[in-house]
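The numbering of the sequence shown is the working numbering, which starts it at 1 and goes up by one.
What the hints contain is simulated information worked out from the structure, not anything from laboratory work.
Errors might be hidden in some of the hints.
Label-pair distances were calculated between CB atoms; the ranges are [said to hold, decoys possible]:
#, residue 1, residue 2, range
1, Asn-81, Gly-107, 35 to 43 Å
2, Gln-93, Arg-46, 35 to 43 Å
3, Leu-116, Ile-77, 19 to 27 Å
4, Arg-48, Phe-100, 28 to 36 Å
5, Ser-134, Thr-114, 14 to 22 Å
The beta carbon of each residue, even a glycine, is placed where N, CA and C say it ideally should be.
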Amino acid sequence: MSAAQLTASVRSGRIKQSLRGVHDDQAALQAARAKLYRGERDSALRDRYLHDELIRYLGVLERKRFAHTRDIVNRVIPSPNEDGVYLEMLPRQAASIEIFLRNEHRGTPNGRMTDLCNRVLVSTSPSFGPGANSAKLTGANRCCVSEVEN
Numbered sequence: 001m002s003a004a005q006l007t008a009s010v011r012s013g014r015i016k017q018s019l020r021g022v023h024d025d026q027a028a029l030q031a032a033r034a035k036l037y038r039g040e041r042d043s044a045l046r047d048r049y050l051h052d053e054l055i056r057y058l059g060v061l062e063r064k065r066f067a068h069t070r071d072i073v074n075r076v077i078p079s080p081n082e083d084g085v086y087l088e089m090l091p092r093q094a095a096s097i098e099i100f101l102r103n104e105h106r107g108t109p110n111g112r113m114t115d116l117c118n119r120v121l122v123s124t125s126p127s128f129g130p131g132a133n134s135a136k137l138t139g140a141n142r143c144c145v146s147e148v149e150n
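Let the sequences and hints guide you as you build the complete structure.
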């Protein structure tokens with residue numbers, strides 16, 4: 001499957017629909033969306049900064065990051081027993097990387113890097129050791145991150 005076909009399948013919902021019977025991903029997605037919503041709702045804009053409980057972020061970039069995170073969460077197909085908190089955290093970090101790679105933090109988006117970001121699949125792995133790997137697919141790249149289970 002090419003990157004364009006994969007992207008079209010994910011955006012149209014065909015992939016998610018075909019996996020729907022495998023496990024119930026709604027609880028994890030709802031938890032991730034709720035965490036993202038609370039983060040946006042509870043952030044206070046003062047001066048040019050969005051403040052959460054502990055940290056302040058440049059408001060323009062943080063709003064952009066919330067939007068990217070929402071987009072990524074809406075494309076996710078959670079694995080069985082996925083934790084909604086982690087499900088929101090990984091796309092949030094991926095959104096930060098995408099903003100930087102796409103040069104959006106400077107207000108001059110880089111089309112080449114935007115295209116590259118659109119062809120990278122980010123996933124987690126249920127393995128029991130820390131690590132990361134990547135693989136080149138037909139027209140796309142896959143990045144996989146695993147973590148230690150507590």
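Taking the hints in turn, this is what the structure says about them:
no., hint, verdict
1, Asn-81 <-> Gly-107: 35 to 43 Å, "holds, 41 Å"
2, Gln-93 <-> Arg-46: 35 to 43 Å, "violated, 25 Å"
3, Leu-116 <-> Ile-77: 19 to 27 Å, "holds, 22 Å"
4, Arg-48 <-> Phe-100: 28 to 36 Å, "violated, 19 Å"
5, Ser-134 <-> Thr-114: 14 to 22 Å, "holds, 19 Å"
In terms of the numbered hints stated before, the structure departs from hints 2, 4, listed from lowest to highest.
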